[in-house]
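Visitor: Make a model of the complete structure from these sequences and hints.
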Amino acid sequence: MNPYNWFQLIFYFVVLFLLVKPLGLFMAHVYQGERTFLDPVFGPLERLIYRLGGVRADEEMNWKVYAIALMVFNVLGLLAVYALQRLQGFLPLNPQGFSAVSPDSSWNTAVSFASNTNWQGYGGETTMSYLTQMLAMTAQNFVSAATGMAALAAMIRGLARHTTDKIGNFWVDLTRTVLYILLPLAFMLGLALVSQGVVQTFSQYQTATLLQPITDASGKTVTTQTLAVGPAASQIAIKQLGTNGGGFFNVNSSHPFENPTPFSNFLEMLSILLIPAALCYTFGKMVGDTRQGWAILTAMTVIFVALFAVNVWTEQTGNPAIAKLGVDIQQSDINPGGNMEGKEVRFGVANSALWATATTAASNGSVDSMHDSYMPLGGLVEMWMIHLGEVVYGGVGSGLYGMLAFVIVAVFVAGLMVGRTPEYLGKKIEAYEMKMASLILLIPVFTALVGTAIGVLTPAGQSSVLNPGPHGFSEILYAFSSASGNNGSAFAGLNANTPFYNTALGIIMFIARYWLAIPALAIGGSLARKKKVPAGAGTLPTHTPLFIAWTIGVVIIVGALGFLPALALGPIVEHLMVFAQ
Amino acid sequence: MFSQLKPALILLLIFTVLTGIVYPLVVTGIAQAVFPSQASGSLMTQNGKVVGSQLIGQQFDDPKDFWGRLSATSPEPYNAASSSGSNLGPSNPALTSAAEARIQALRAADPSNTAPIPVDLVTASGSGLDPDISVASALYQVHRVASARGWSDAEVQALVNQHIEGRQFGFLGEPRVNVLELNLALDDYKP
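So the sequence lines, in the order shown, correspond to chains S and X.
Under my numbering, the first residue of the first sequence is numbered 3, with each subsequent residue one higher.
Under my numbering, the first residue of the second sequence is numbered -15, with each subsequent residue one higher.
Everything labelled a hint here was simulated from the structure, so no lab data went into it.
Ideal Cβ positions, reconstructed from N, Cα and C, are used throughout, including at glycine.
Any given hint could turn out to be false.
As the list claims (entries may be wrong) - Among the chain S residues that face chain X by a calculated CB cut under 7 Å, a handful are:
1) Ile70
2) Gln202
3) Asp218
4) Leu229
5) Asn252
6) Gly344
7) Gly350
8) Met579
9) Val580
Guide: Shown next as structure tokens:
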């Protein structure tokens, strides 16, 4: 890290934290049904949507109805994405003439985009028509993100209210999230990205005459270059903001048309953490004590900075096997140095490591460098961020409801240790909440480890591996972890576009999304019914440095207990191998 | 459950049209009006012919041109219709052999140059389409390009200096040199 890298890191966090309060406050207004400055633009449209859909906006739901509405909407979305891929050959806006996507890949992608994972077994520019990219991918990027945020808003209402069984109306939360939060942000970001060179066009792929003709793998002379383009900026804007992460092009945001400049990189990186971080403030505002939101945001940031430091240090140290060949891996003013395999020169090492840490922390899953080519400990940081339950900022909505599950466990364990009745924000934490929180904590651990075990034991799982030795194990572990955390990034050497991986990862993404969202709503519903207990001398305050440290401890311990053995077999062994020579 | 089916269907339809058709069309309309060149791929033309994009690299292995990053796309390198990284892990022997092959090619083309080679010149980019190399990698190749073209090192050095793109706004990203633009400038240059 040279002074420029330091400055960029600090600049990144300063801008992020300056935006937390205004955006967080705005979102609190949106979820409390209050008027915002966007009402004149979207108010009439909002009311029209309710009228067409037969939605009674003032009629709230209990948690079970809320969960059913959420599930029905998401399953229909899943079916729509599946159908669009299977039928794209017959549909318009397909200038490259792509035919139907295979059934197993369509299933995988349908679950992936409906569940806000955006894992991609396919390469965008070689598979999907413009229509599929827009109607299936872009649209699901919006509504899957809004689904997560709606579920969070409902859970927060459960904490904020008392003696009621109503936690909001799913259709209203969904509509207001898309109209007031996601669309305006995506619109601004999309145009800013085009100004930097992200493509946004409906023309067919462009052809350029090469300055120097070359020969391809079969010995044929190639004199032209086909440049894949498309309506990318509009999709990339929401994929970054909604912690979706599914790229327009195969290599995601390392593609120069998806992320052309350091400034576009900064904006896209900022968008990864923007909404998840601001939602912490929204939470504090809605429960009537913003210190609670800042406390959670602080816990997240401490974990983030510590793991980013490991990642950037290991990447800047570089690969001794490459250095040995007479290669200069020392960072200087004119040489990025370090481990540049899979990284782009315009971003260098520090920005790539920052992105990699942010995208795995936030269940975004977009990449601006290839995680498979990171040094073993860099890859470990990325995997472990996912293993921590996608709660360090986490996905939009899902990250904070996951973190609240950890907080509930932290409160409960602390209460047991000192013999106090565990309570959080004036609500007694009892067996039911603990059961639901445990589901949220443990289901991803279970699916990731069982999935990995099946992957490494079956020929179908093994045959997709690219890299030999422990790194091959890491590829499989990463894939199942990514699906279990609804992250979507990959050690992309693994050929995941096979019936085995498409099917298995599809099932896991579905479980990991909805078997976590529903318990989160259940916690909200259960807490909403309870009476508020006034804080007394025996109440454990949950905004103090002590409690922040305690929450961090719980997150780290659960993540370490679940995954250290698996990590020891993959990245840790590989690290010892690489540095022993 | 069935009472939720109607709003689910209708809202899915509305949001699919709004965010999947209206939103991309509006962004495209404004983008094409305000940033027409960027929105269409930042294409460069010479004599009415498209010679490439400012943002997308091309493959060079002639000693008289500057060489870019290694590219792992197939079937040919810098295939902009099918982007791909190498995805080779740090312990994979294929990673070191790819670097060794590039080192041998560089050394063979310029045996007098014994300086250590900057790392970005022997590693594959993430996209396989990286248009840039580091300033160090450009400087490393100056002597080879100059001798292959029969020019002085200082002339080529001056061209490189003109093509150094600094950190954006003075602090973002890394300084770099666009290989295609530099090579086009070399071909235009009259010593």
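Visitor: Run every hint past the structure and note whether it holds.
Guide: A quick look at each hint next to the structure:
1. Ile70: holds, 5 Å
2. Gln202: Nearest chain X Cβ about 4 Å off; hint holds.
3. Asp218: Because about 4 Å separates S/Asp218 from the closest Cβ in chain X, which is inside the 7 Å limit, the hint holds.
4. Leu229: holds, 5 Å
5. Asn252: Hint holds; S/Asn252 Cβ to chain X Cβ min 5 Å, cut 7 Å.
6. Gly344: holds, 5 Å
7. Gly350: holds, 4 Å
8. Met579: holds, 6 Å
9. Val580: Hint on S/Val580: holds, closest Cβ of chain X at ~5 Å, below 7 Å.
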